[in-house]
Each structure stands twice: as structure tokens, then as C-alpha cells.
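**Q** Numbering (this note's numbering), first residue to last: 1 to 461.
Calculated directly from the structure, the hints in this document are not laboratory data. Glycine included, every Cβ here is placed at the ideal spot set by N, Cα and C. A couple of the hints might just be wrong.
Distance ranges between label pairs, derived from CB positions [stated by the list, open to error]:
| # | residue 1 | residue 2 | range |
| --- | --- | --- | --- |
| 1 | Glu247 | Ile78 | 48 to 54 Å |
| 2 | Glu351 | Val279 | 30 to 36 Å |
| 3 | Thr288 | Leu27 | 50 to 56 Å |
Distance condition first, Cα-Cα at most 30 Å in a straight line; then the derived DSS-like pairs of lysine-lysine [what the hints assert, rightly or not]:
| # | residue 1 | residue 2 |
| --- | --- | --- |
| 4 | Lys193 | Lys295 |
| 5 | Lys30 | Lys362 |
| 6 | Lys193 | Lys109 |
| 7 | Lys30 | Lys295 |
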Amino acid sequence: MHAPSLAEFFRVKWSTTLEEASSRNRLLFKSVLIWTAALMAAFQPGLMSSDSLDQYSQGLSGAYNDIHPPLGSLLLGISGKLTGSPWPVLMAQLLAMGLCMAALVRSPKAREGRWGLVVMGLFLLTPTVWALAVTLWKDVMTAAVLLGAVAALKFRRPAMALVLLMAGVAFRHNAIIAAAPLAIPAVLQWAPKQWSAFRKSQLLAVALVGLVLSPSVVSRALGSTRAWAVGQLFLYDLAGIYAAHPELVSRSMLSNDTSGDEIVRLYTPLHVWQLFGGVEGARPISFTSLDSRRKELRGEWARMIREQPSAWLRHRWASFESMIGASPAPVHYPFHLNIDPNSFQLRVPSEGWLYKTLHEIKMRLANTLVFRGWAWLLLLGGIALVALRRVRQKPIAFCTAMSGLGYALAYLFIGIGSDFRFIYWSIITVFATLALLLTEQSPQEAGTSERGPAASPSAGA
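Just need the whole structure built from these sequences, with the hints factored in.
**A** Encoded structure:
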């Protein structure tokens, strides 16, 4: 007899390890708890940018505006009032992301379940995931809720999925682009099978209307002040055009706010906020003044895109290229580093060894493929093609991939900056789609499991 080869040894180990679904499920649950506890210990109460602090302040005061959709502000405020800190929100978003991904990789089948553990390990250990998951941003809250919707779809809970999709859109306005593809399987699961395609399309239309209206419903319920957030996009695009053609500013509605030379100094494809903050030698443009000039600004935006399409497209591409890290330049704002200066005495325990270790890891990787969006989008595109070939057996996987791709690509036209965090949901869909390609039941299998095994012919004899 010959001793087994090393490859044979590992093959046997792989085929016999964690054979029972209950063992795999316990390992998944423990992994999520350890992951959450480690990140909480290192980064609590959660990293916070000026945006996060503004939302926290609004939540504490109860005075909201819809520059930031108020649902996230509400949760941060409740946390602050109850505990004096936003740490419960950090814990909630970490647990939500971890447990929902664990639900996606679960399978009663041993082979798929073991590969699911591999996907889960990659998800938990990838710095792109955890480096942003510890930041109290609406992008992360949105991703956590949308991931919950995908998990609900896997377990055929369409009503829950639709509620979570509406919550996702209420956390971030443009999440409607991510939610729309996921509404399709939700409607197909909810609608009776005997319904015609026309009736199902009507239900889908109603669901989409609900998604569109959810942010305004939440804003009205909380008494949020309208701030016309889309005005940022119009101004950003006009600045991109006028920076290329400063001679056109003299006939712009902005001529009283700025000049051609000032626009050249103010404009950067990296973010709109420099236009409002100003720089040396260039006056800031008042954001609050845009609301009273909606009609004029919207009209000038449409006219200048028609007259200067090349300048507009160059501006749009420059912003998108920076966001996905497609240029040789360092990645723009791949993650947040700390808690910005604040009056709430919130700080991260940066002297701890765990914080220092994780901080060093993400800093070393900041300009690698790990934080370059183009690499993630190429990977997601390849996975989407695999899901397309199996769309009849794995429809949720395909819709999840389309959700992530559509969400990221839309920034080519609607982005107001180049922050890497804007495509965080797209990163998460890479892992979610992989998990579903492994574990999602086909509609036929799901229908069989819901009906239960057919009665034996001899039953009752």
C-alpha cells in the first residue's frame, strides 16, 4: 500500500470537513461575532467624516434637511440620545452585513456549503469590505440594508425584501438604481404564478413607484427641510464645462457669483464641495442660493450640455475615472481615517494595537487593486456574465450583479465626486453574487421545497 499523496490528503480533508450543515452554520455565526467584536474593539464608536457628524448632529437636534436623507440621521440621533455615542449603529451595520452574508453562503448541500465558507472568509477578510464597514456613512447603511433584501429574496420573503429595498432608497436617494433590479425577483416571488405577465408588470410598476416615493415619505414624516440636493449635480456639471470654457461664464446665471478665472480655480473633478467652500483667490458659491434659482439653473444646465457636449463628457469621465481609480494617480479617498474634529468628544481608540494593525494594513493597500474600483467592476462584470448564463436557475444572482453594476455605472452621469465609498454597494455585490451562484435554489427547486415532498403512492393504504 502507498501512503496517500499530499493532494489526496487535502482532498479527503476538504470532503469530510464540516460535512453537516449545522456545523457550518455554527462556524458562520461564530465568524460573524468575532469579526464584529474585533472591528468594534478597534474602531468604535465608528469612523465619522464631516457628513457623518452632520447627520449625527441633525439626529440629536431633531432638525433634519434632505441633503442627507434623514433616516440615517434619525438612527444616529436615537443612538446618541440612548448611549451618548453612535456605537450601536456601528454594531448594527456590522452585524447586519455579516449575518446577511452568512445567510447567503448557507447551503444544506455539503459541497456548496463548504465553498460558501470560502466566500464568507474572503468577505470578512478583504480590507475593501471592513475598511469602509467601520465608517458611519449612509453608503454603508445602504449596503447593509440592500444586502438584507438580497438575503430575504434568497429565502423567498418578498414582502420583507421590498420593505428593505425601500429603506435602502430612504438611506440614499440614488439607491433607487440599485434597488430597481432587485424589485424584479421580489415581485415575481410575490405575484401568484397564475398571474399574466401584464399583471406582474403592473405590480412591478407599483413597487417601483413605492421605491421612488420612500425618501420623500420619510422626509415628510420627520419634518425634513427641503434642500434641493440635485442642485449640486447641476452646478458641478456647469463648473466642469465652464472650467474648460471660462469665457462662457460671463453670460451665465452664475456670473454674479463667480468669474471664469475663479471657476478654473474652484473646479476639481474630485468633488463638488470645493465650489461651495472656496479657495484662495476664488469666492465660494452659496449652496443655499441654488434653491431659489431652480428653474434657471436647470435650464442653463440642459442648454450647456447641448451646446458643449464634449466638455461635459470630459468632465463626467474625469470624475468617474478618479472614482474607479483608473488613472495612474493615487486612489482618491479610498476610506476615512478617523473621526473628524467634533464638539461631541467622539474619538477612536487609535492607541490600541488592533487599531494600529488594521490601520497599517489598509494604508499599505490604499493604492493597490484592493481599492481600485475598475478592478472590482471588471470582476463583477465577469461574474455577471456567468450569472447571465444561469439566469433561469439563479435569477436573484443575476439581478444582484445588475444591481451592483448599474449602481456604479450610473455615477458616470450623476456623480458629484470621486469618493471610493460611492461604489461600496457594488463591491458587496461581488461577494453576494458569488454566494448566490453557489447556494441559490432554482425557482423550480424552491417551488418543490415549498410544496414539500409528494405523497407516496402507498400512503394511507
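**Q** Can you confirm whether the C-alpha distance between Lys193 and Lys295 stays at or below 30 Å?
**A** Answer violated: Lys193 to Lys295 is near 46 Å, above 30 Å.
**Q** Does the structure keep Lys30 and Lys295 at a Cα separation of 30 Å or less?
**A** 55 Å, violated
**Q** Take the C-alpha atoms of Lys30 and Lys362, compute the straight-line distance between them, and say whether it is at most 30 Å.
**A** Cα-Cα ~24 Å, so holds.
**Q** Between Thr288 and Leu27, does the C-beta distance stay in 50 to 56 Å?
**A** 53 Å, holds
**Q** Please test the hint of 30 to 36 Å on the beta carbon pair from Glu351 and Val279.
**A** 35 Å Cβ-Cβ, so the 30 to 36 Å window holds.
**Q** Would you say the C-beta atoms of Glu247 and Ile78 sit inside 48 to 54 Å of each other?
**A** 52 Å, holds
**Q** Can the restraint linking Lys193 and Lys109 be considered satisfied, given a maximum Cα separation of 30 Å?
**A** 27 Å, holds
Taken one by one, the earlier hints fail for this structure at numbers 4, 7, listed in ascending order.
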